[in-house]
Each structure stands twice: as C-alpha cells, then as structure tokens.
Amino acid sequence: MAKRIDVSGLNAYYGSFRAIEDISMTVEPRTVTAFIGPSGCGKSTFLRTLNRMHEVTPGGRVEGKVMLDDEDLYGAGVDPVSVRREVGMVFQRPNPFPTMSIYDNVAAGLKLVGTKKKSEMDDVVEKSLKGANLWNEVKDRLGKPGSGLSGGQQQRLCIARAIAVEPNVLLMDEPCSALDPISTLAIEDLIGELKERFTIVIVTHNMQQAARVSDRTAFFNLAAVGQPGKLIEIDDTERIFSNPSVQATEDYISGRFG
Amino acid sequence: MDISTTKDTPLPSTPPPPAAEEKRAARGATRPGDRIFLGLSRGSGIFLLAIMAAIAVFLSYRAVLAIGKDEGNFFTTFEWNPTGNPPVFGIAVLAFGTIVSSIIAMAIAVPVAVGIALFITHYAPRKLGGPIAYVVDLLAAVPSIVYGLWGALVLVPQLDGLYGWLNDYLGWTGIFEWQGGAPRSMLTVGILLAIMILPIITNVSREVFRQVPQMHEEAALALGATRWEVIRMAVLPFGRSGVISASMLGLGRALGETMAVAMVLSSSFEINLSLLDPGGGTFAQNIASKFSEATEMGRDALIASGLVLFVITLLVNGAARLIIARRKEFSGANA
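Heads up: the protein sequence lines correspond to chains A and B, in order.
Heads up: the first sequence begins at 15 in this note's numbering, then just goes up one per residue.
Heads up: the second sequence begins at 177 in this note's numbering, then just goes up one per residue.
Mixed in with the good hints, there may be bad ones.
[Unchecked claim] Ranges between beta-carbon positions, derived for each pair:
id : chain 1 : residue 1 : chain 2 : residue 2 : range
1  : A       : G73       : B       : A495      : 40 to 46 Å
2  : B       : G350      : A       : K153      : 48 to 54 Å
3  : A       : Q222      : B       : A300      : 23 to 29 Å
4  : A       : D93       : B       : R302      : 50 to 56 Å
5  : B       : M391      : A       : K131      : 29 to 35 Å
6  : B       : P287      : A       : E140      : 34 to 40 Å
7  : B       : L315      : A       : E134      : 44 to 50 Å
8  : B       : A300      : A       : E264      : 17 to 23 Å
Hints listed in this document are in silico derivations from the structure and should not be mistaken for laboratory results.
Ideal placement from N, C-alpha and C gives every residue a C-beta, glycine not left out.
The task is simple: from the sequences and hints, build the whole structure.
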C-alpha cells in the first residue's frame, strides 16, 4: 500500500534556528527517491519531518504541510505515534534492541499494534526476515540476541523490523554509511526489491549509491554555515547525474565542492 | 669466509641478553609512574581482601565460641538468653524479622524509585527534573538516626488510619490482622526502611536510565511506540541490570539498618505472622539494643547473629550477580 508523499512549504526549526527552508516536493509511490547534498544541508532533518521524528529532538518544530495521499501528517489532531506506524524508518547506525532476540526485534512493532497470536506473529517474522534477505542467515538462531549479528546483518534486521508492520513509506537515513561494501551491496539489492511494495526515501552521502538505487534524486544545499538548507532541485536520477538544470548540482556531483 | 671463522669471531651484533633482561624486554619498558600506580592499586585490592578476611575470621571465631555453648538450636530457637544457665539462644526470630522487613521495604521502594527515576529522566521538563533529583540526593544524606526520630515521632502516630483500613479490608488474610496495639510493627519498619533506601535506588536507576542510547529510544519511537512503550521496549530492558544492582545496594542498607529500626520497632522475641502487630526483631536492631549491656558470652552470641547477617548479605549479592550474569548476552553491553 505504498502512498504518495506531497510536501509543500515545509520549514523545520531547532529552537529559533531554521534548519530547512520552504521545501516542496512530491514522491511517487513505489519509487526510490535519494536525497544528496553536503553535510548540514538539512536532508536528514527533512527526512525526519516525514515521519514526525524531528519534533522528538528538544526544540524541534515544523511548519508546513506533508500529505500522505489524502492525510495531512501535521494536521490538527493527528497523533505522531500513528504517523510513525505508517512511515517506517531505518537509521544510520544499525540499532536493533540489544535486550531482545532476533525474533523479538522483528516482532517489536507488531506487539505495539496488538498482534497477539503466536502463529500469526511467526508468519510475519518469517516473511519480514525473508523480505529483508536475512531469513536464511538467522533462521536457526531466532532466539539469539540481535546485537550478536554483523553490522550489515543488523541493518537488515532493522529493515525487517521496519517492514514487519507494513508501513506505507520507508525512510532510510544513510543506511549504509556504517557498513562495508559487501553489506552495502546487499542493502542496495534489497532496496531494489522493497520498492515493489513501498515508497522509499533514502538519504545518502554516496553519490554512486544514489545513482545505483534511486529513480529520483533531490539535491539539497545551503548558502553558508548557519543558513537554512534548501532543496535545489529534484529530478529523475539519470537527468540529475547527466544533465542537471542547476549549476550547483553539477558542481556537487562532479566533485567541485562538498 | 666459511662457517668456522664466523664461529670463532662473533659478529659485532649485541650478544644474547641474559634471561631476566629478556623477560623485561618482552614486557616492554616500564616507567616509574606505572610501577608506583600498579603497586598502589594492587595494594588497595589486597588490602580490601585482607579486611574482608579479617572480619570473616573475627566473626567466625567468636561465633563458634558462642554457638558451642548454646544449649538450644542456634537456627530454630525462638529465644535469646545467652547468659542463662544453660545459655539458650537462636536467630529464627531475627532472621524472619530482618527478611520480612526488608521484603516490605523493597516492595515499596523499588517501584517508587524506578518511577521517580523515569520521571526525572524521561517525563519531567528539565526545570523540574533537576530540583527533584537534588532533593532525592539530599534524602540520601539524612543520617539514619534522624529517620528513626522522624519515624518514631511522626510516622508511627500517623499510621493508625492505614492500619485500621488494612485490617478492615485485608484482615482476613491474617497478614494484615491488627489487634489494635501501637503501630510499631514490621510493616512500620518496612515503610521507614523503604523511605531510607529510596534515594540510593533512585539515584543509581536514574544514572542507568540516562545512559540508554538515544538510538534505541529512536528505534522504538520510529516503530510507532508511545512514550510509555519506548520506556518498556528500550529503557527498562536496558536499565534492568542497573536497577537490580541499585536494588541490591538498597537491600544491603535495609538488611543492616540499625538505629531507625530500633527506635520504631517495639521488639519482642516472637514471630508474628501479622505484619501489623508489634513484635519481632532484626539482627542489627537486636545487636544494637543488647550489645551495651551484654556480658562476654552475650556479646559472642550477638556476634554469631552478626555472622548470619553477613552471610545473608553475601548470598543476596551473589544471587543478584547471578541474575545479571544469566542475561548477559542480552544486556546491551555488547551493542
């Protein structure tokens, strides 16, 4: 049930500091959209506004509109908790719950929505781990702690945990930056499979990665340190990497800065 | 140049060093500062073990002297008369009282302390959390004699209402039956001990909860957990072993608390199944109230009871360590 994201006029603040300014974009369902740009340009902040995680940071505040199909995520009376159940997230550093087994990690979100039946849970856990290409590696040790896995396996475990609750959108905040190239490749392959089912937004510092996995690419930049980050352009990935319409994008991609 | 000449004229390289120097070289050069510090820290460690051993030897020696003369059964006799003829004394009442009062104290203090710690770290705005933490710190600094005074003069006279209520609604269990005596009973002792051990459990738990990595809490939040669910999924499991350690520190204080118990409890040498009726005693309270007037035999008997308290404390700590170690791979220490 992938959904379309439609952002208009979005600003995000840390206290009185405006971190991102006036961002509008549309993300189509069942596509992968990559956010690239130099450090501090607000791409992670923007990502976190899409599941209302930004306001968890002390002083974090958002103005503007984020529509998920017909639902305004920042509308009056919208519970951030229910937004986060609809919009899953994978973080930069793999963060499986260290006190839980592999099985319980995947089942964690299901328990929140109230799935009780053991057989139902078993099915979803297996399906999610298969969906994250991890099942074969862990099926014999589901009761072991998730923190005993390798970094790449942990990150796939986190993806399994996120997709177990069948979100409409999957956000990934530099999911491969803490991983070795082989694990990175495994995650990238996985992203290709997951986009059949989910709308995916991924922040990455690795431009080859953006070129490999995404259909659309958004370039963010900031005028200077202390200035808010802005969306410079968003276009088909192929176009961004071959013939971008803004000079700054081309400079960034060709390595002239950033 | 052939081999024989090399044999006769050794190469100008350094000759093989003697064994001792070789060993030192393998360890690498040590600086005086390192050696001094190593000596100091090793000395402190040995010193601690020596003190523990000395206490154990002292307690055991005097205890054996006393128990040898005991005509009753040291573990089951409900009597304390070491100066009688023949001397008869046993620790059953003291063990029962000590354990019961500590269990009551833990049952009250641990949930409240965990609640306060969670409030300070995860619910209260910073402006409120700081002062609360400070007040809890202050509570830890109040001497136990002051708690005893407060307990005897303020707490005890206030408890009639609670006791009556417990008797009315839970009296049928037997545990909360009340004959109407002054509320200087095990329950009162437990309540007072709970207040006394609250700060230490709160402080240690607070530190543990504060150290829960942000990324684990965010993981729970991103799954759509409410604040309470974040605490249940990420904070409490991560802090579990710390809370157990904190509780053991508190329990250690509750088991050994002396003056406050002695001032509040109306002691007697009997086991009362009702927590509300006065009577019973604890190891530390019994030693404090009898020591100054005891003969040598009496003192040895008290020391024997002290040895039992020592052993109980060791067992409790060992049990806590076992609980923590059993779930070590899930502790989050390897995350």
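Of all the hints numbered above, which does this structure not satisfy? Sort the numbers upward. 3, 4, 8
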